[in-house]
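Asker: With chain A fixed as given, assemble chain B onto it according to the hints.
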Amino acid sequence: MSAPVSPPVSSVIPAGAGTAPRARRSGRLRRLGAAGLASAAVIAVATFAAIFGPLLAPYNPDLPNLSLAWVGPAGGHLLGYDFQGRDVLSRLLAGAQSAMIGPLAVVILSLTAGAVLAVASAWRRGATDALVSSGLDILFAFPGILLAVLAATVFGAGLIAAAIALSVAYMPYVARVLRGAALKERNQPYVAALEVQGASGTAICLRHIVPNMMPLIVAQATIMFGWAMVDLAAISFLGLGVQPPAPNWGVMISENEVGVLQGYPLPAIAAGACIVAVVIAFNVLGERLFERAQAARI
Amino acid sequence: MRWRFLIRRLAMLAGTLLVASFVIFGSLYVAPGSPLAALSGGRALPPGSLQVLEQRYHLNAPFLAQYWYWLDNALHGNLGISITLRENVSTLIASRIWTTAALVLYASVIIALAGIGLGILAGLRPGAVDTSALAGTALTAAIPSFVAAIVLILLFAVRLRWFPALGNGSGLLSDVRHLTLPAIALALSSLAIVARVTRTAIREEADREHVQTAVSRGIPARQLVRRHILRNAAIPITTVTGITVASLIAVAAVVETAFSLNGLGSYLVQAAQTKDLAVVQGISLVLVTAFVVVNLVVDVLYALLDPRVAAGARAR
Numbered sequence: 001m002s003a004p005v006s007p008p009v010s011s012v013i014p015a016g017a018g019t020a021p022r023a024r025r026s027g028r029l030r031r032l033g034a035a036g037l038a039s040a041a042v043i044a045v046a047t048f049a050a051i052f053g054p055l056l057a058p059y060n061p062d063l064p065n066l067s068l069a070w071v072g073p074a075g076g077h078l079l080g081y082d083f084q085g086r087d088v089l090s091r092l093l094a095g096a097q098s099a100m101i102g103p104l105a106v107v108i109l110s111l112t113a114g115a116v117l118a119v120a121s122a123w124r125r126g127a128t129d130a131l132v133s134s135g136l137d138i139l140f141a142f143p144g145i146l147l148a149v150l151a152a153t154v155f156g157a158g159l160i161a162a163a164i165a166l167s168v169a170y171m172p173y174v175a176r177v178l179r180g181a182a183l184k185e186r187n188q189p190y191v192a193a194l195e196v197q198g199a200s201g202t203a204i205c206l207r208h209i210v211p212n213m214m215p216l217i218v219a220q221a222t223i224m225f226g227w228a229m230v231d232l233a234a235i236s237f238l239g240l241g242v243q244p245p246a247p248n249w250g251v252m253i254s255e256n257e258v259g260v261l262q263g264y265p266l267p268a269i270a271a272g273a274c275i276v277a278v279v280i281a282f283n284v285l286g287e288r289l290f291e292r293a294q295a296a297r298i
Numbered sequence: 001m002r003w004r005f006l007i008r009r010l011a012m013l014a015g016t017l018l019v020a021s022f023v024i025f026g027s028l029y030v031a032p033g034s035p036l037a038a039l040s041g042g043r044a045l046p047p048g049s050l051q052v053l054e055q056r057y058h059l060n061a062p063f064l065a066q067y068w069y070w071l072d073n074a075l076h077g078n079l080g081i082s083i084t085l086r087e088n089v090s091t092l093i094a095s096r097i098w099t100t101a102a103l104v105l106y107a108s109v110i111i112a113l114a115g116i117g118l119g120i121l122a123g124l125r126p127g128a129v130d131t132s133a134l135a136g137t138a139l140t141a142a143i144p145s146f147v148a149a150i151v152l153i154l155l156f157a158v159r160l161r162w163f164p165a166l167g168n169g170s171g172l173l174s175d176v177r178h179l180t181l182p183a184i185a186l187a188l189s190s191l192a193i194v195a196r197v198t199r200t201a202i203r204e205e206a207d208r209e210h211v212q213t214a215v216s217r218g219i220p221a222r223q224l225v226r227r228h229i230l231r232n233a234a235i236p237i238t239t240v241t242g243i244t245v246a247s248l249i250a251v252a253a254v255v256e257t258a259f260s261l262n263g264l265g266s267y268l269v270q271a272a273q274t275k276d277l278a279v280v281q282g283i284s285l286v287l288v289t290a291f292v293v294v295n296l297v298v299d300v301l302y303a304l305l306d307p308r309v310a311a312g313a314r315a316r
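Taken in sequence, the protein lines are chains A and B.
Note that this note's numbering gives residue 127 to position 127 of the first sequence, counting from 1, and the numbers run on in steps of one.
Note that this note's numbering gives residue 301 to position 301 of the second sequence, counting from 1, and the numbers run on in steps of one.
Isolated chain B (complex conformation):
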C-alpha cells in the first residue's frame, strides 16, 4: 500500500507538471508584442526570412499545436534559443544550474544543521537559552534575504574581509568561499522558522505521557531524547524543513541578484527584464519542476515517518 501511495503521488506530479507547463507557455504566449519582432530583434527583415522564421518556429500554427511543439522539444531537452544571447536556452541553463543547485544545497545544509540544532537546544533547555533563542529567531525570521545579503556583505566582506562580496568563484574551494555569504543570506529566515517549529515539536513531545513514563522508568536522558522525543517530533520537523528548502528554489533568484551570482534565478530576472521569452519559459519550467519534485520527496518522507498518511490517502 506504500507503493500505491507513491504511484498516486507520481501521477499527481505528472499532472501538475503538465498543467504548469501549459500555464507557463500559455501566459507568455498571450504576452503583448509579436514574436516575430522579438526574433528579429526589432530589425526589418525581408519577407523571405520572415517566412523562414515563421516556419521554423511554427508561428502560424494554432495555439495548441504550438504548445505541443514546445513541450515536445522541451522534453527532448530543446528549450529554444535566447534572443538576446543567440544561444541555446538548454546550454545556457546547463551552464548556470550548478551555481543555483549548489547555493540551495549549501543553504539547506545550514538550515538543517543550525535550524534543527537550535530548535532542539531551545526545546530541551527551558529558561535563558530558550528565551534568547525565541527572541533571536523572531528577529531573524523577519529579515528578508536581500536585507540579510547587504548586512552580510557589509560585515563579512567590506569590514572583516573574510569572504568576497560579489560574483562566482573559480574552482571548488573558491566556489565554496563565494557561496558562503549567499547561502547564509538565503538560509537565515528559513532557519529561524525551522528552529521555532522544531522547538515547539520537541516541547510538545516532551510533555507527553509516554515521555513522563519513560522518565519514571529511569531511562537515561540521552536515550530518552533520541528514542522517545526526537522520533515523534521528526514528523513536523521534516515537513517544515522540506517546505522551507523547497521555497529556497525561488528565493535563490533574489540572493543571486544581490550577490551578482551567475545562477538560474538571476538569469531569469534578466530575461524577464529583456522579455527573452524562451529563457523565461525554460527557466520557469526547470524551477517549477525542481520545486514540485522536492515537495514530492517531502511528502514521501512524511509518509515513511508517519504511516497514517499513506493509509489516510488510501481511505480517501
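Next comes chain A alone, as it looks inside the complex:
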C-alpha cells in the first residue's frame, strides 16, 4: 500500500479554513445559517442581474453624454455618471452579465476537465496516475494571470481567451483536491463488490464514484467561482479581457480610476463593491458547503 502521503501542498489552502462546525439544525436552507442565507441572496440577485440586467437598466448603459461626465447622484440616476457621462447604475446592471458568465465558464471547464483527470487517475492508478500528476505539476508553474496574458498575446484580448486560460490554470488545483477524494472512494468496499459483480469501470465511476463526490465538487465549484471572478475582473482591469466600451465591472474600475484621483470615486468604488459583494457571497457559501461535504464524509 502507498505510504501515508502528506497533504498536497496546494490543497492546504483550505476552502473551509476557520469556523468550527455548528450544531446541525433541520431544514435545508436553515442549515446554511444567517451568513449563508445572506450569501445565497446576494448570489441570487447577481444572477438575476446577469440574466435580466440589460432589461432592468433604467437608462441606456452605452449612451455617453460628456457634459454629464463625473456628475454625482441626481434625479433618478442613483449612482451618478461615469467619465463619459453614462449612467453608472445601468452600466453595473448591464455589466453583471459578463462578470458572471466568465466565472461560470471557467468553473464548468476546469471542473469537468479536473474531475475527469482525477477520477481517471484514481481509477487506473499506476502509469496513468503518474503521467497525469507530472503533467499537472508542469501546469502548476503557470499562475492564472500569466497564462491569461499569454493567451491574450496569442489570441488577442477578450473574455473567451481569458476564460480558457484560467480554466487551464485552475485545472491542476481542482484535479489534486478531487483526486484525493476519488482515491478514497475507489478504496471503498462497495467499489470492489461492484467490480466482482462485473460492472464496468466507466459505469462504476459515472454511477457511483462521481455522484458520491458531488458535494465536494459543488463546494469546490462555489469557491472557485469567487477566484475566477477576481481573476477575470483583474484581466479586464488590465485591458486584456472584456474590451471597452462594453460594460463590465473590471473595465469600469480601470476606466474610472482617474476619477478616484480627481475626487469622483463613486463609479470605480461602486463597481469594486459589486465584485467584493459577490466574491464574499461565493466564499462564505463555499465554506459552508465544504464543511457539510466534509461532515458527511466522516
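Just so you know, the hints here were simulated from the structure itself, not pulled from any lab data.
Treat the hints with care, since some could be wrong.
Unchecked claim - Far from chain B, some chain A residues (derived; all Cβ distances over 12 Å): (1) 56; (2) 58; (3) 124; (4) 134; (5) 141; (6) 150; (7) 197; (8) 198; (9) 203; (10) 221; (11) 236; (12) 240; (13) 260; (14) 262; (15) 271.
Claimed, not checked - Okay, the calculated beta carbon distance ranges per label pair: (16) A:71 to B:260: 20 to 30 Å; (17) A:263 to B:14: 23 to 33 Å; (18) B:109 to A:193: 47 to 57 Å; (19) B:63 to A:160: 21 to 31 Å; (20) A:263 to B:273: 21 to 31 Å; (21) B:91 to A:75: 48 to 58 Å; (22) B:160 to A:258: 15 to 25 Å; (23) A:184 to B:121: 50 to 60 Å.
Everything numeric in this text was worked out from a predicted model, so none of it was measured.
Just so you know, even glycine gets a beta-carbon here, dropped at the ideal spot from N, CA and C.
Answerer: Positioned in the frame of chain A, the structure of chain B alone reads:
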C-alpha cells in the same frame, strides 16, 4: 536522505522549467502575424534587409531549431530585442525587475507579520477578538488587489495625503513611500487567507492531547505557545504563506498597473497589448522561473519542518 529529496526536487524544477520555456516559446510562435512584419514595424523593407532579418533571427529554420536558438540565447542572458522600444529585452527587464522584487518582498513581509500575527492572536483568544478577526478576514479575503488599490488611493493618497498615489520613487526612502500602498493592496487578500489558516492551525494544535498534558504539568503559557503549539502549527502556516507569496509574483502585474509602477508585470501587460513577443516571452520566462523557485523553497522548508515529507517522497 534529505539530500536525495533535494536533488529530486531540483531535477523536477529543471524539467518543469524546460517544459515551461517550450510552452512559452511555442505558444507565441503559433501566434498569428508574421514575425517579419512585426520586426519591420509594418514598413515595407527591401528584399535585401528582409533576408538579413531572416538570417539574424533564424526565421527560416525549423521550429525546434528556433526554439533551441532562443533557449540557448536566453540561458546566456540574451532575450532578444523589444520591437516597440528597440532595446535589449534583458536590459529592459533588468531595469524593472527591482521594482517588482521590492514590491513582492514588501508585501510578503506584511503578510508574514500581520497575517501570521493576526492568526495567532485570533487562535489563542477565542471570543470577541476571534470573532472580529474572522469577520474582518472574510471581508478582506474577498477584496481583489485592484479594488484595494483604488480604495487605498482614495483614502491615503487623495483624502489623507499620507502617501503618493501613483508612480515610482527616486531614492530608497521615497521608493519605500511609493511602494507602501501598492504593497498593502497586493498583500491584503493573501494576508486574510494566511490569518485564517494560521488561526485554524493554532486552534487545532491547542486542542491536542499533548498540549492538554503540558497545561496540566503547569508549563507557563508563553513556553506552551512557543514550544508546543507554534512548532507544530508551523507546518501548515509555512505552506500557506509560501504559496500565497508565490502567487503574488503574478498578481503584482495588476497592482503595478493600478499604481502606474514601472515594474515587470505592468511592462508585460503593455507588451501583450502591443504584441511585443520578445518582451512577453522574456518576462514570462522570468516570472515562471521566480514562481517555480519560490515553490521549491516552500517545499524544501516544508520538508525541513516535517521530516515525514522527505521520507514519504522516498517511499513513493
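Asker: It remains to establish, for every hint, whether it holds in the given structure.
Answerer: Okay, the hints, checked on the actual structure:
No Cβ of chain B comes within 12 Å of the Cβ of residue 56 (chain A); the nearest lies about 24 Å off, and the non-interface call holds. Every CB of chain B is more than 12 Å from the CB of residue 58 (chain A) (nearest about 25 Å), matching its label as outside the interface. Residue placement check: residue 124 (chain A) keeps its beta carbon more than 12 Å from all beta carbons of chain B (closest about 17 Å). Its closest Cβ contact with chain B, about 8 Å, brings residue 134 (chain A) to no more than 12 Å, contrary to its assignment away from the interface.
The Cβ of residue 141 (chain A) does not lie farther than 12 Å from every Cβ of chain B; its closest approach is about 5 Å, which violates its non-interface assignment. Listed as a non-interface residue, residue 150 (chain A) fails to keep its Cβ farther than 12 Å from every Cβ of chain B; the least gap is roughly 6 Å. Listed as a non-interface residue, residue 197 (chain A) keeps its Cβ farther than 12 Å from every Cβ of chain B; the least gap is roughly 32 Å. The beta carbon of residue 198 (chain A) is kept farther than 12 Å from every beta carbon of chain B, the shortest such distance being approximately 32 Å.
Non-interface status of residue 203 (chain A) relative to chain B is upheld: no Cβ of that chain comes within 12 Å, the nearest being about 30 Å off. At roughly 17 Å, the least C-beta separation between residue 221 (chain A) and chain B is larger than 12 Å, which holds for a residue marked as non-interface. With 12 Å as the threshold on Cβ separation, the claim that residue 236 (chain A) sits away from chain B is violated: the shortest Cβ distance comes to roughly 10 Å. At roughly 6 Å from the closest C-beta of chain B, the C-beta of residue 240 (chain A) falls inside 12 Å, breaking its exclusion from the interface.
Annotated as non-interface, residue 260 (chain A) brings its C-beta within 12 Å of a C-beta of chain B; the closest such distance is 5 Å. Not every beta carbon of chain B lies more than 12 Å from that of residue 262 (chain A), the smallest distance being close to 9 Å; the non-interface claim is violated. With a least CB separation of 8 Å from chain B, residue 271 (chain A) falls inside the 12 Å interface cut-off, contrary to its annotation. Distance hint check: the CB atoms of residue 71 (chain A) and residue 260 (chain B) are about 26 Å apart, consistent with the given range 20 to 30 Å.
In this structure, residue 263 (chain A) and residue 14 (chain B) break the distance hint of 23 to 33 Å, their C-beta atoms being roughly 53 Å apart. In this structure the hint that residue 109 (chain B) and residue 193 (chain A) lie 47 to 57 Å apart at CB holds, the actual value being about 55 Å. Hint check: residue 63 (chain B) to residue 160 (chain A), Cβ distance near 26 Å, so the stated range 21 to 31 Å holds. Separation of residue 263 (chain A) from residue 273 (chain B) is about 29 Å and conforms to the stated range, judged on CB atoms against 21 to 31 Å.
Range check, residue 91 (chain B) to residue 75 (chain A): Cβ separation about 55 Å, and the 48 to 58 Å hint holds. The supplied range of 15 to 25 Å is met by residue 160 (chain B) and residue 258 (chain A), whose beta-carbon atoms lie about 20 Å from each other. Range check, residue 184 (chain A) to residue 121 (chain B): about 35 Å between beta-carbon atoms, so the 50 to 60 Å window is missed.
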